Amino acid sequence: MNNNSTARKQDQDQEEPLYDPRGLQYVEPSQTSLQCSVCCEYFTEPVSAPCGHTFCLGCITQALEVSPGCPLCRTKINPNALYDVIALSRICDELMVYCPHKSLGCDHVCQRVQIGQHLKDDCIYIGTLCRVEECRKKLLKKDLSEHMESCPYKRVDCLMCNTKVQKSQLQEHHKTCPAESVTCPHCETTRTRLRHMEHIQECPKQIVPCTLSEFGCPWTGPRFDLTATHIPQCPYEAIRGFLEQNKQRVESLEQENKHLRTIFHDLRPQVQLLRDQIGSLSESIQLMTGPGSFGDSMHGFVDTNQYQYHSQQGAPSRAHGAILGYDSNGAENELHGLERSGSGLGTVGDTHELLISENERIRSEIETLTAGLASLELKQNMAIMTESMRMQEEVQSLRAVCHGLRMQMHYLLLERQNPHGPSPPTGGGGGGGVSNSGNNGPGIKTHGPGTSSGGRPLSTSGPPRPRFSDGLGRQDTKL
Amino acid sequence: MALPKRIIKETERLLADPAPGISAIPHEDNLRYFDVIIEGPNQSPFEGGVFKLELFLPEDYPMAPPKVRFMTKIYHPNIDKLGRICLDILKDKWSPALQIRTVLLSIQALLSSPNPDDPLANDVAQHWKENENNAIQTAQEWTRKYATA
Ligand SMILES: [Zn+2]
Ligand SMILES: [Zn+2]
Ligand SMILES: [Zn+2]
Ligand SMILES: [Zn+2]
Ligand SMILES: [Zn+2]
Ligand SMILES: [Zn+2]
Ligand SMILES: [Zn+2]
Numbered sequence: 001m002n003n004n005s006t007a008r009k010q011d012q013d014q015e016e017p018l019y020d021p022r023g024l025q026y027v028e029p030s031q032t033s034l035q036c037s038v039c040c041e042y043f044t045e046p047v048s049a050p051c052g053h054t055f056c057l058g059c060i061t062q063a064l065e066v067s068p069g070c071p072l073c074r075t076k077i078n079p080n081a082l083y084d085v086i087a088l089s090r091i092c093d094e095l096m097v098y099c100p101h102k103s104l105g106c107d108h109v110c111q112r113v114q115i116g117q118h119l120k121d122d123c124i125y126i127g128t129l130c131r132v133e134e135c136r137k138k139l140l141k142k143d144l145s146e147h148m149e150s151c152p153y154k155r156v157d158c159l160m161c162n163t164k165v166q167k168s169q170l171q172e173h174h175k176t177c178p179a180e181s182v183t184c185p186h187c188e189t190t191r192t193r194l195r196h197m198e199h200i201q202e203c204p205k206q207i208v209p210c211t212l213s214e215f216g217c218p219w220t221g222p223r224f225d226l227t228a229t230h231i232p233q234c235p236y237e238a239i240r241g242f243l244e245q246n247k248q249r250v251e252s253l254e255q256e257n258k259h260l261r262t263i264f265h266d267l268r269p270q271v272q273l274l275r276d277q278i279g280s281l282s283e284s285i286q287l288m289t290g291p292g293s294f295g296d297s298m299h300g301f302v303d304t305n306q307y308q309y310h311s312q313q314g315a316p317s318r319a320h321g322a323i324l325g326y327d328s329n330g331a332e333n334e335l336h337g338l339e340r341s342g343s344g345l346g347t348v349g350d351t352h353e354l355l356i357s358e359n360e361r362i363r364s365e366i367e368t369l370t371a372g373l374a375s376l377e378l379k380q381n382m383a384i385m386t387e388s389m390r391m392q393e394e395v396q397s398l399r400a401v402c403h404g405l406r407m408q409m410h411y412l413l414l415e416r417q418n419p420h421g422p423s424p425p426t427g428g429g430g431g432g433g434v435s436n437s438g439n440n441g442p443g444i445k446t447h448g449p450g451t452s453s454g455g456r457p458l459s460t461s462g463p464p465r466p467r468f469s470d471g472l473g474r475q476d477t478k479l
Numbered sequence: 001m002a003l004p005k006r007i008i009k010e011t012e013r014l015l016a017d018p019a020p021g022i023s024a025i026p027h028e029d030n031l032r033y034f035d036v037i038i039e040g041p042n043q044s045p046f047e048g049g050v051f052k053l054e055l056f057l058p059e060d061y062p063m064a065p066p067k068v069r070f071m072t073k074i075y076h077p078n079i080d081k082l083g084r085i086c087l088d089i090l091k092d093k094w095s096p097a098l099q100i101r102t103v104l105l106s107i108q109a110l111l112s113s114p115n116p117d118d119p120l121a122n123d124v125a126q127h128w129k130e131n132e133n134n135a136i137q138t139a140q141e142w143t144r145k146y147a148t149a
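These protein sequence lines are chains B and P, in that order.
Just so we're aligned: the first sequence equals residues 1 to 479 in the UniProt record's numbering.
Just so we're aligned: the second sequence equals residues 1 to 149 in the UniProt record's numbering.
A few of these clues could be false.
Claimed, not checked - Only pairs whose alpha carbons sit at most 30 Å apart, straight line, appear in this in silico DSBU-like list of lysine-lysine:
id, chain 1, residue 1, chain 2, residue 2
1, B, 76, P, 145
2, B, 102, P, 9
3, P, 81, P, 145
4, P, 93, B, 76
5, B, 102, P, 5
6, P, 129, P, 145
7, P, 67, P, 81
8, P, 5, B, 141
9, P, 52, P, 9
Rather than coming from a laboratory, the hints here were simulated on the basis of the structure.
Source: prediction; values computed, not measured.
Hey, can you work out the whole structure from these sequences and the hints?
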C-alpha cells in the first residue's frame, strides 16, 4: 500500500514540474527589449502598469508587495490597474528555446509555448520509473525499453513449464523447474524432474541398504540386486518373523517400563508421607501415655515393622538399599543407567532380557511397596484403635470416680443446708452413681442423658442445684 | 537555494563587460558576496585612489537592495567611519529594476559629488560646509594615505 502510494506520488511528481519556466534557455538570449527589468528574463505573462512600464505578472506583484511604486519610474501602481499585454505575451511565447534536458543530450529546439508538450510526450531524456512494481528504478525514458529487456524484476515465461518467473530468478528456477530434464545419477537415464522424483524411488541402479539393515544386516548394493540376489540369501531374512516379533516386544516393554517408572515416581512421595504420619502419630501417642508405656512399645512396633518389611524383600540389593534409605537419586540413576545400557547393547536379546528383568524388578518393588504400605496402614490403624480403647477405659474409670465424688459433694451440700432433715440415702446415692457409671460403660453417648435422669429425683431440693448441675454439664462436655 | 537566474546574468555581465573604473568579483564559495573595487573619479578629491568595498546580495534580492560598505578608509560626508554609505537607492529608493552595476555607478557618482546636506558623517559634513577647500585637502590626503594601492 505505502509503496504503491509513494510510487504513484513519484509518478505525479515526475509529471507535474516538467520544467521551470524561468529556467528556460533561449536560443537568442539577449533581446533586452523583450525582457522584464525585475527578473531580467523574457516576459512571462507580461502586464503593463498605467505608467506604461511592463513587467512579468509575478515580478511586479512581488515588487509591489515590497514597495508600491513602479520599479522603473516610481509612479504609484494599483495592482488592480495592471493589464495583460497579449501581443507581447504571444511574441515571448514564440521565442525559441532549448529543451531543459539539453545537458542530458536532448537537442530539441521549439517555441517556448510548445516546450511543455515536448517534455510530456516526446522528450526521451526525461526521468521516469521502471513500470515493474517491484523494480521502480529511476531512469531516462530513452533507456526504458532497454531496461525492460533486462529488468531483473520483469516476469518471463519459463519455456519448460510455462509459468511466469522473475527474470532474475530464472536461473534459480531452472534448478527446481518440474519440467526441466534431469539425468538420474545412478542409471544415467534422463526424464523430467517431476518424473525423476518418482523414478528415484525405484531406480534399479541406486545403491540401497538391505531392507533389514535396522536389525543389523550390513549389506548395501544396487536396488535390482537386493530383491534378485541378496534377499533370498540374507541371514536376517530367515529370522525376519522372530526379529519383528522381538522388535514389537521390545517396544511394548519399553512402554511398560516407562509407565511403571511414572507409577514408581508417583508412589514415592506417598510412602514418605505415610512414614511421616506414623512418626508423628507415635510421637503424639508417646506424649499422651507418658514415657515408658505405650509410646515405646509403639516405636518398637514400628521399628520391627520396618525391619520386617525390609527383610521381606528379595529385590536386588542396590534397589533395596535405595528404598531403605529413600535414596531417590540413587534409584533414579540406576534406572537411567539401565536404560542407557539397554540402548547401548548391540544385540536384541541382551536388551530384551535386561528390560524384562528390570521390569520384573520394578514390578516386584512396587508390589512390595504397596504391600508394605497396606500393612503399615493396617498396623497403624490397629495401634490407634488399641490405644483409643485403652484411653476410653481410662476415661470411663475416671468418669466413675468423678461421679462418685460428685455424689459425695451433693450429699455434703444437702446435709449442710438442712442439718435436721431426713438423712439422705447415702447408700442409694452411691449405688446410683455406681450403677450409672456401669450403664454408661459401653458408650459415652448415653452419658449426658444418664446424668440428667440421675439428677431428677433431687430436682425438688434447693436453688443452688441447677447452677451446680450446669457446672457439671459443662465438665461433661469437656470430657 | 539555487542562485536566481538574474544574479547569474548580472554577474556574467559584470565580469564580461565591466563599467569603467569599477570591478566586482563574486566569491567562489558564495556567489552572493562580491569584492568590489572603485577607482576614485577624475576631478574629484579621490582621484588616484583605489577603494575597496564589499557587496552582499540578500536572500530577497532583487526585491531588497544589496548591502554595500567601504572597506577602505575614506574622508567623505556621506560615508561614515565604518564605511557605511548614505545613498537613497540603497535604502528607501531601492527598486527591483536597479542592478549591481547601477548601484556601483551611483556610488562612483557619489564620490564625484559629495552631498554634505544629507550627511552620515556629521563632523566631516560640518568640515565640508565650513571650509570646503580644507575638507577636500583632507580627503586628498586620506586618499593618498589609505587608498593608494
Ligand atoms: Zn520578470
Ligand atoms: Zn513606470
Ligand atoms: Zn527534450
Ligand atoms: Zn525494472
Ligand atoms: Zn519452469
Ligand atoms: Zn535411475
Ligand atoms: Zn540383508
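Checklist entry - Between residue 102/B and residue 9/P, does the CA-CA distance stay at or below 30 Å? => result Distance ~19 Å between residue 102/B and residue 9/P Cα, so the pair holds.
Item to check | Agreement of residue 129/P and residue 145/P with the hint, judged by alpha carbon distance not exceeding 30 Å | outcome: holds (23 Å)
Next on the checklist: Would the hint linking residue 81/P and residue 145/P be met if the CA-CA limit is 30 Å?
Outcome noted: holds (15 Å)
Next on the checklist: For a C-alpha distance cap of 30 Å, please report whether residue 5/P and residue 141/B respect it.
Outcome noted: Measuring from Cα to Cα gives roughly 28 Å; hence the hint holds.
Next on the checklist: Check whether the Cα positions of residue 76/B and residue 145/P lie no farther apart than 30 Å.
Outcome noted: violated (46 Å)
Checklist entry - Do the alpha carbons of residue 67/P and residue 81/P lie within 30 Å of each other, as the hint requires? => result Given that 30 Å is the threshold and the Cα spacing comes to 16 Å, the pair holds.
Item to check | Agreement of residue 93/P and residue 76/B with the hint, judged by alpha carbon distance not exceeding 30 Å | outcome: Holds, at roughly 13 Å.
Next on the checklist: Against the 30 Å threshold, does the CA-CA distance of residue 102/B and residue 5/P hold or violate the hint?
Outcome noted: holds (17 Å)
Checklist entry - Taking only the CA atoms, is the gap from residue 52/P to residue 9/P under or equal to 30 Å? => result Since the Cα atoms of residue 52/P and residue 9/P sit roughly 23 Å apart, the hinted pair holds (cutoff 30 Å).
Violated hints amount to a single one, hint 1; each of the other numbered hints is respected by the structure.
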